[in-house]
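Trainee: What follows is each chain in one-letter form.
Number of protein chains: 2
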Amino acid sequence: MRTPTTSRRQFLQATGLTVAATSLAGVRARAQPRLPGPPEKKLGFAIVGLGSLSINQILPAFAHCRHARVTALVSGDAAKAKTLATAYGVPASGLYSYDTYDRLKDNPDVDIVYVVLPNSMHPEYTVRAHTAGKHVLCEKPMANTPQECETMIAAATAAGKKLMIGYRLRYEPYNMAMIRMAREQEFGKPKVILCEAGFSIGDPKQWRLNKQLAGGGSLMDIGIYALNAARYLSGEEPVAINAFSYTTPGDVRFADGVEETINFQLRFPSGILANCVSSYGVGLNRFRVHAEKAAFQLEPALSYSDLRMQVIRGGTVELRSLPERNQFALEMDHMAECVKGNTEPRTPGEEGLKDLRAMMAIYEAARTGKTVTLNG
Amino acid sequence: MRTPTTSRRQFLQATGLTVAATSLAGVRARAQPRLPGPPEKKLGFAIVGLGSLSINQILPAFAHCRHARVTALVSGDAAKAKTLATAYGVPASGLYSYDTYDRLKDNPDVDIVYVVLPNSMHPEYTVRAHTAGKHVLCEKPMANTPQECETMIAAATAAGKKLMIGYRLRYEPYNMAMIRMAREQEFGKPKVILCEAGFSIGDPKQWRLNKQLAGGGSLMDIGIYALNAARYLSGEEPVAINAFSYTTPGDVRFADGVEETINFQLRFPSGILANCVSSYGVGLNRFRVHAEKAAFQLEPALSYSDLRMQVIRGGTVELRSLPERNQFALEMDHMAECVKGNTEPRTPGEEGLKDLRAMMAIYEAARTGKTVTLNG
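Chains F and U are the protein sequences, given in the same order.
First residue of the first sequence: 2, per our numbering; consecutive thereafter.
First residue of the second sequence: 2, per our numbering; consecutive thereafter.
Hints are supplied without guarantee of correctness; some may be wrong.
A pair holds if it fits inside one copy or across any two, identical chains being indistinguishable in the list.
[As the list claims (entries may be wrong)] Simulated crosslink set (BS3-like; lysine-lysine; CA at most 30 angstroms straight-line):
#  : residue 1 : residue 2
1  : LYS355    : LYS371
2  : LYS371    : LYS190
3  : LYS190    : LYS294
4  : LYS294    : LYS212
5  : LYS212    : LYS371
6  : LYS294    : LYS83
7  : LYS190    : LYS162
8  : LYS371    : LYS42
9  : LYS371    : LYS162
10 : LYS206    : LYS43
11 : LYS294    : LYS206
12 : LYS42     : LYS106
13 : LYS42     : LYS212
14 : LYS81     : LYS294
15 : LYS206    : LYS106
16 : LYS371    : LYS83
Think of the hints as simulated: they come from the structure by calculation, not from any bench.
A quick note: this is a predicted structure, and the numbers were derived from the prediction, not measured.
Could you put together the complete structure from these sequences and hints?
Mentor: This is the structure in structure tokens:
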């Protein structure tokens, strides 16, 4: 594609910036059209873990990135890694196994390590990447316990490197618009928030259904979207939590003791109350805010694309459309820009820690049948 | 409408039950075309309490009734009663004050007394109507305490008269369709139910905001729809309840101590979990069932008209339309048919009692911060 060059020449002609030669020096200086500066350097990402999220979402998203490119892959499956490296232009020198992972420190083309492993592996691979002198973008949930989150945050601080958690919806235009509508009180003060996230999970052998690897059931994997949304839509931290959990007896998918469905309620300091649902048994995909004058919602709210916004006032429903953007590209570009500009990511390790603390409280409330209070 | 007679004759002809005349009596019988019988007698209703529900919904609904007509009005405002009596053809002999209420027993044109008074007055006026030998249709909530409900049920039994509670949505086609879709598992087993009912309440001086008259806040008045829907959509009784309540400090509407918003969670014996919201602060008008293969919902779910049904599968939304019917006419006709046929109403006093018990448990859960268990 030569379009940019053509356009540039056309631009110069149209604005009269091409002129006649008048001297040798002038000829030389002017005969050479002013060249653009080097393209802004894209930061190099190592993708750690080549499961479906990496293959279907993250690697294709680099085509839409302005500040990020993929320069390394880490996998236990060398053949898979090689195939993907060829497809995405990753050099052979950028291929790593888990045994050679720490050698990332010697690869100057890797600025940021994106940890896309099963949940229980997040702490180790995040800390090792920081130890290797790299910045880290880590998938959510950040870890299986708040203690591990604290260890990860401390390691990042000690290394003087960034730590961001992959809350993609915090970079997605519809969810950002919902936050603005709530915060700016477009329809008055928000009072009730309803967030539901769930799907009917398939293959019983996947790591998400292994309690040791996943740290829990639907809440850790998908319900975290509902929790996080209730927090970002309210703009507050929960101070009290109720919960009920249910898992279908005998369902082979939940044989390892991970919960199927967990319904939780949050109380926020301003008085906003949230009702949330997390499920591996049914499809749930909606965030809604009820404010004094109207309700506004996304449904779908957390799909990778094709989100839809509705404003509901009395019996009328108004649709609002925004341009579609690649969520993972926005997320990775944000991380790259934070590294370039040395700014704090919008969703740092502390954000992941807050969700972990709330999730532990949700499990405790469901287990004890008592309201669990938090410091907010 | 002569349809029933025609059908009957056609039935007789088709089955060969018409026979040739063989005598004078026979000739006379055939020469005179068979006249329709008298129109089916509509049962007479006394409307007790002429507030906005009676004026705007119940009295106009009689025009759509097949089995019910209004024959008496009871009000403390004689002028208002007279105006309405003229408009709806109620004779002067059918006008009562609260002082003359017990004389209803001498009015043979009154079969059924419809109690549309503030909640705290339901028990007294229901029991007095039963004592007067009338059947009673009583608005919801049935009373302010389960104990009063039990007294009312006992009085109806002692009188040998019907007692029905005015759960209009149990006679409304969309809600009935939702029940069928859930019970017949059109989209697989229901697992999660979400019911929300609320509105921003106006005039701070209305009886609904007087705790003694209303028995509570939004839950007693509008949240009862969400509770009742969770019960009829699951087809089960809750065995455990969590709740959070919030009332905006300083809001003059809630100065008498009635709650603004109360979010509650229900656990049902089969494992269905429900999240519900009741509010006097924001508009909420939706019942949704998440089953294994799809979600189906009404929104609006509890308006007097123009309900809308959606089936949500993945990213697709299917609308389903049903003919519009007058909810109060269906409700009053059901009551009349139960009296005529001596059958039990679909929503008897026991139904009102179950909601009262659950509402007391919701208040207790909110107050104590503990899961309240019920016998189901």
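Trainee: For each hint, tell me whether it holds in the structure or not.
Mentor: Right, here's what the structure says about each hint:
With identical chains, the CA atoms of LYS355 and LYS371 are at most 30 angstroms apart both within one copy (20 angstroms) and between copies (24 angstroms). In this homomeric assembly, LYS371 and LYS190 come within 30 angstroms of each other (Cα to Cα) both inside a single copy, at 29 angstroms, and across copies, at 29 angstroms. Taking the shortest Cα distances, LYS190 and LYS294 sit within 30 angstroms of each other inside one copy (8 angstroms), while across copies they are farther apart (35 angstroms). For a Cα distance limit of 30 angstroms, the shortest separation of LYS294 from LYS212 across copies, 26 angstroms, qualifies, whereas the shortest one inside one copy, 43 angstroms, does not.
For the identical chains of this complex, LYS212 and LYS371 are neighbours both inside a copy (24 angstroms) and across copies (28 angstroms), given an alpha-carbon limit of 30 angstroms. For a Cα distance limit of 30 angstroms, the shortest separation of LYS294 from LYS83 qualifies neither inside one copy, at 55 angstroms, nor across copies, at 38 angstroms. Taking the shortest Cα distances, LYS190 and LYS162 never come within 30 angstroms of each other, neither inside one copy (39 angstroms) nor across copies (49 angstroms). In the homo-oligomer, the alpha carbons of LYS371 and LYS42 never lie at most 30 angstroms apart, since the shortest distance is 53 angstroms inside one protomer and 56 angstroms across protomers.
Taking the shortest Cα distances, LYS371 and LYS162 never come within 30 angstroms of each other, neither inside one copy (40 angstroms) nor across copies (44 angstroms). For the homomeric pair LYS206 and LYS43, neither the shortest alpha-carbon distance inside one copy (38 angstroms) nor that between copies (65 angstroms) is at most 30 angstroms. In this homomeric assembly, LYS294 and LYS206 come within 30 angstroms of each other (Cα to Cα) only across copies, at 22 angstroms, whereas the closest approach inside a single copy is 47 angstroms. For a Cα distance limit of 30 angstroms, the shortest separation of LYS42 from LYS106 inside one copy, 19 angstroms, qualifies, whereas the shortest one across copies, 92 angstroms, does not.
Proximity of LYS42 to LYS212 under the C-alpha cut-off of 30 angstroms is found in neither arrangement, the shortest distances being 41 angstroms within a copy and 67 angstroms between copies. Taking the shortest Cα distances, LYS81 and LYS294 never come within 30 angstroms of each other, neither inside one copy (53 angstroms) nor across copies (34 angstroms). Within a single copy, LYS206 and LYS106 get their C-alpha atoms no closer than 34 angstroms, and across copies no closer than 71 angstroms, so neither meets the 30 angstroms cut-off. Taking CA atoms no more than 30 angstroms apart as the test, LYS371 paired with LYS83 passes in neither setting, with 52 angstroms inside one copy and 55 angstroms between copies.
Violated hints for the displayed structure, listed by number in ascending order: 6, 7, 8, 9, 10, 13, 14, 15, 16.
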